[in-house]
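Please model the entire structure based on the sequences and the hints provided.
Residue numbers (numbering that gives the first Met the number 0), protein chains in the order written: chain A, 0 to 159; chain B, 0 to 385; chain C, 0 to 378.
It is possible that some hints are incorrect.
[Said to hold, decoys possible] Under the rule of at most 20 Å between Cα atoms (straight-line distance), these lysine to aspartate or glutamate pairs were calculated in the DMTMM-like manner:
| hint | chain 1 | residue 1 | chain 2 | residue 2 |
| --- | --- | --- | --- | --- |
| 1 | A | K24 | C | D43 |
| 2 | A | K46 | C | E14 |
| 3 | B | K351 | B | D227 |
| 4 | C | K12 | C | D35 |
Quick caveat, the hints were computed from the structure, so don't treat them as lab data.
The lines below spell out each chain.
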Amino acid sequence: MFRKNYPLLTISSEIELPYNYSLGKYGGRLVTELKQNGRIVGIKCPKCDHVYVPPRRVCGRCFIEMDEFVEVSNRGILQSFTVVYFSFLDPETGKKRPVPYGYGRIKLDGADSEFLHFLEESDFKKLKIGVTVEAVYNENRVGSFKDIKYFKKVEDGDPS
Amino acid sequence: MGRRVAIVGTGQTYHKSSRKDVNGVELIQEATSRALEDAGLTRKDIDAVVIGNMDHFEGINYVDTWSVDGNGGLYKPVMKVTTGGTTGTTVAIAGYYHVASGLFDTVLAIGWEKNSESDTTAAIITCSDPYWERPTFGGAVAGLAGTACEYMYKYGITERDAALVAVRDRKNALKNPYAHLRKQITVEEVLVSPMLAYPIKLLDICPRTDGACAVIFASEDKAKKIADKPAWIHQVSSRHNYTFLTDIERSGRMPTLYEACMEVYKNAGIRDPLHELDVVEMYTPSSFAGLVWIDALGVCDEGEAVRLVSDGVTEMSGEFPINPSGGVISTNCIGATGLIRVAEAAMQVSGKAGEHQIEGAKLALATGFGGCFWSDVLLIGSPRPN
Amino acid sequence: MERVAIIGIGQTKYEREKKGETVSDLVFEAATKALDDAKIGIEDIDNVVTVSNDFWDGRTISSMAVTDACGSYGKNVSTVEDDGTFGAFYGLMRVLSGSFRSTLVVAHCKGSEGSNHLITNAIFNPIYERAIGLDSISSSALQARRYMEKYGITEEQCALVSVKNHKNAKDNPFSQIATDISVEDVMNSKMLSDPIKLLDSSPISDGACAIILAEERMTKKVTTRPVWVKGIGHSTDAYNLGDRDLAEPDALTRAAKKAYEMAGIQDPFREIDVAEIYDAFSYQELLWSEGLGFCERGMGGRLIESGKTTKKGMLPINPSGGVLSAHPVLVAGLARIAEISIQLRGEGSGRQVDGAKIGLAHGINGACGQAHCVWILEN
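The following block contains the structure:
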């Protein structure tokens, strides 16, 4: 069928596909709280009392609308973590995400769901499930998830 | 369960990290042709097509209409279903319901992916909440790393324990001509391979693969005519419970897989899956998941999976063989991955698995994993279901 | 086919931009309204089919965003990435299989969040077609031009569709663009891609729609106003635009033939009382009318001129205002099914078609109506 070997080619495209995602009323409230008051709010299910962070409209388990916002702590217990060493294209920026970086699932005091955020520590040997971590805020807060810089380990004796 | 439905043919492409010799449509056509050939059918015999993949891996919108030349669906009903990693099993379940509805007799189900055509991690990251999760989330590898870390902490499991899973699957892959990675590895090699996201190393995780799989579902009347030994669908179940990665209940067994398995066992009357199931094709994206998911199959106490693996129970020669095909750790063309589990399970109970055949396999479980820790399960067997 | 009915419907209002709500909020609203409409609770639903598209949502595994909001926790669930008519078809199959009593089908889209041009450009062949800049508008312009040339359809005839549908929309509380316009207004509106002008085109929309399908026994238990599914068909045309005669909607004719056979319909124009068809552009209502057999091929222009498709005509088409009056992609087909259900229940208020007993709902997929799905419903 092919009398000579043609090269196998690929064509590349660098499409930028921009979106404006709505944060909605519930997410918007948390962002505003982060910026103005340096605090984290969740939302409580009227049926099962589960407190979700970030707040959202529906409790999936109960399929019920939630409207009771509750403040949760800036401190919590590290439920799990990883330190990422491989680099990849960050869809947020279109550039390679800097590595290594640590992030974890944190159960904030007063919340039932976990909260995903960066960890100060990026050496996995120094991280341990079950330790207490605390949110460290940026000095200039702009109204963003990243107003919290990261969560850092709370050493014994740190005032809460 | 409604009308009886059976798998009467399966086809896979040769899976590689990059299939530059074909475009996506030609890749799909390759798997479709093999499935038709396996069943002894032609395009004319197909009443409807179901296809699935993940859009952002190739950047093609409306894949069902785009691939019509390769999927054989010209002037036929074609539908796309997509649920992330579970896409392949979701496609299979949709193929089943197409026939079970009584509206179609012979249905072609296709899963495919050309992972070489984009940055897989970048594409997967966009599955998470754009505001709350994307900035931190490091894709499938990092998400699975978090689970692995937690499992190690909870049950005192070591990286060495997990490596056994990768070694087993890669050994099995040597017997599967379609597998992508066909080279024996050792526990030591797994342990010293580059750290990707603690505690997951390069040889703990599935590869990125170009490939496609096609499976033909048929009604009882047709199945009896087409196949000597149809692979009957006994049960199907799905649980896609979560929106946020942080909402998953982490206290017990992997919840969606456990729930789906329990539903399937209950409806099929299975009481002792460890002894009643002959083989499992499990969607095992990482070596650690290969332990965590065993707990969720309900075949051992929580945290005991490592014992089954280290005792050789899950080897091809063992009592409860897992992934004789080499599994996902050897081949991972994401939209096809779940469907390959189904195809392999069907091949086992039809006695068509060749070198990696489990002798006398009658009842097989195929699982899918994806999305936000979601699961699909199919129970497939050679005896006709009641 | 065993008897399956639509027992509940729910829609959000369709708007240009619903900035205060996430897709999850929209899905919850539509799903809750459908359950309330059926007077049942989520516990009465035993499986769910969601409809979403990763490109439109800007999210891989777009269904993940709505898992909580669609009520599928602990239930069997799946996701169709096609128009809502296809998603509902899968929901129907799941009930017909005997495995489930009821399927909740919910579709969402926020056209406001992404770029229509880039998202629909991604439908086309990445190697040969995308660089030309094809998108939903310019590809449809090719189809419109071909259709007009082949059959002598005029721009004014197409404009009549916009005039009729935007007027109909005035009686539909869910519609987005409800207004009295004239053929001149359409003709003088901004040229987007010759021959398609701004007022020939559907808008960008946000919204969600849900329906509940149930088996006969459950239907009879919960509702006195069921809408029965009588026939259904879908079919797919060739992908490459050059492989099709864009003036001939052959896949639609095949889909319709199957649906009519199932429903026992021989003369669709006379037997069907009301139709909601996917008019993403004004010319499409004419072309799809031909494909559906409402008139001969090439006679779509005469059909609209005859007035027979107005609200008081022999076969009213798009009394809701159609897709031209609100176009949340994917949702739009499900909204056609919802509107026909409203009509067959006699709940259309100002837009009610008197004595409607048999209705047709239609959805499309891919470029220039490459795939079609046709539903025949009866009260």
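So, going through the hints one by one against the coordinates:
Only pairs whose Cα atoms come within 20 Å are accepted, and A/K24 paired with C/D43 is rejected, the gap being roughly 30 Å. At roughly 32 Å between alpha-carbon atoms, A/K46 and C/E14 are farther apart than 20 Å, so this suggested pair is violated. Between B/K351 and B/D227 the CA atoms are separated by roughly 11 Å; this keeps the pair inside 20 Å, and the hint holds. In summary, the hint linking C/K12 to C/D35 is supported, as the alpha carbons are separated by about 16 Å, within the 20 Å threshold.
Violated hints, listed in ascending order, are 1, 2; each of the other numbered hints is respected by the structure.
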